[in-house]
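> We have chain A; now place chain B onto it with these hints.
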Amino acid sequence: MNIKKIGSGTYKIHGNVSVLSCAAVVGDMEKKGPLGHCFEHYSSDEYFGQDSFEKAESYMQKEAMKYAVEKSGYTAEDIEFIFAGDLLNQCIGSNYSVRDTAIQFFGLYGACSTMAEGLILGAMAIDGGFASRVIAMTSSHFCSAERQFRFPLEYGAVRPRSAQWTVTGAGCVVLGCEKTFPRIRHVCPGAVCDMGIKDMGNMGAAMAPAAALTLKRFLDDTGTTPEDYDLILSGDLGEVGYDLLKNLLSHDNIFLGNNYDDCGRLIYDRKTQDVHSGGSGCGCSASVLTGYVLPKMRCREYNNVLFMTTGALMSPISSLQGETIPGIAHLVHLQNDGEVEAQA
Amino acid sequence: MRAEEYQRLVYQKTEKNSLVKDCFFAFLIGGSICLLGECLKTVYIVLCNIPEEKAGILVSVSLVFLSAFLTGIGVYDKIARVGGAGTLVPITGFANAVVSPVMEFRIEGMVLGIGPKMFSVAGSVVAYGTAASVVYGVIYYILMRCGVVG
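Same order as they appear, the protein sequences are chains A and B.
Just so we're aligned: 54 in our numbering is position 54 of the first sequence, and the numbers increase by one with no gaps anywhere.
Just so we're aligned: 104 in our numbering is position 104 of the second sequence, and the numbers increase by one with no gaps anywhere.
Read the hints as simulated data drawn from the structure, not as lab findings.
Treat the hints with care, since some could be wrong.
Claimed, not checked - A few chain B residues that face chain A, going by a derived Cβ cut-off under 8 Å, partial list only:
| no. | residue |
| --- | --- |
| 1 | Gln7 |
| 2 | Lys16 |
| 3 | Gly84 |
| 4 | Gly93 |
| 5 | Glu104 |
Quantities reported herein were computed from a predicted structural model and do not represent experimental measurements.
Glycine is no exception: its CB is placed at the ideal position from the N, C-alpha and C atoms.
Pulled out of the complex, with its shape left as it was, chain A reads as follows:
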């Protein structure tokens, strides 16, 4: 019997699954962005002292994991599973970042939706009684993503206005079964949604329908409205996708107000930083969550948050073969509820 499922596909986390600690590591551009003051750990060297961008990405994850585990008050031996992924082929960013640990590891590929995917699986593992503490982690690096998905960095290509800038950053969250806050209350995994967008320079448009599908499903299943939340945050829809999501949901009489924003819009200053439609990449939502949202929840500035990451599930091969871009969006409901606060 499925006692955790609500409605068509939202899952209630019955036990205590809470955020024990988190950490973000970012690059220079992110540090200089509007959320720069939230990022304690950063490097102005795009190589992070390594000799390749891929190694730099792994290093960021490793550092984020080190800081998050330190802050949790536990050691690596106390953690059962790591759920981690990134954008690189065969997820080498994550595979190499965890190779010096003995923690059991699940490699994920959810494109830019990986942060919430990791949190969902981690919460399920804890609530299902399989683990007491897990790590959810992801990263992206502008330079490693550019050369895998687009052109060499120094190649003189013109970016379309709808293109986004891959965030150089990593985020790591340690989840545990302790009675603390914020706590994961519900999770809503996404379904793949493809509305026929082919333009790799317009990822926001490719992902917005998946975000609309997941958010609508969650609100319907829980019988709540957008006004019930302090903050609804999508992953990396950017300016174009942000507008499209609002538009799509308005057709279903769901109106997103001032409490809705997008990590891709928050992390850069679009006026002074040449990022066109905003930030993207796994590291975008991961660093905004771990550097900005969760600390704000810890000081109770936000108490009820929907964190929904979005991913474009194409590859350069599928795009060259004329395929459209399937999107996905995973949602996590984080809350500092009265009961949990009283127990904390």
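Relative to the frame of chain A, chain B by itself:
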């Protein structure tokens, strides 16, 4: 919402690049590169006493060197971001297309990194440029046999 309907919405909501602005900057920067080429040619002919035919080759070599150098110090892509096709079409664009992957893939080694990746962007220009020159040669030969061209 149906897929076709959504695609129309996306088209409406997506900010487009301005054709007039792009053309203006392409003309300005592409034109400036050509002007630089002409200036160099004059310098080679007048000041260095180099015959015109050889001066033309030297101009190409100079522009290729300049483009490779600017790519190496990370400036060419910044000019290209504004210049667009104006930096892509001249010979400088070809040099940039060869040098940029070389810089990027040097960590993967000389043989399996730099060698094959060198033409990852410029390969099409080489392949179709060669094919086009063959077609051009055939047409030229036919026109020459017909007495249309000398």
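> Each hint: holds or not?
Against the structure, the hints come out as follows:
Because the beta carbon of Gln7 (chain B) sits about 6 Å from the nearest beta carbon in chain A, less than 8 Å, this interface hint is met. Checking Lys16 (chain B) against chain A: minimum C-beta separation of about 7 Å stays under 8 Å; hint holds. Residue-level restraint check for Gly84 (chain B) holds (minimum Cβ-Cβ distance to chain A is 5 Å; threshold 8 Å). Interface restraint check for Gly93 (chain B): the shortest CB-CB distance to chain A comes to about 7 Å, inside 8 Å, so the restraint holds.
Hint status for Glu104 (chain B): holds, given a least beta-carbon distance of 4 Å to chain A, under 8 Å.
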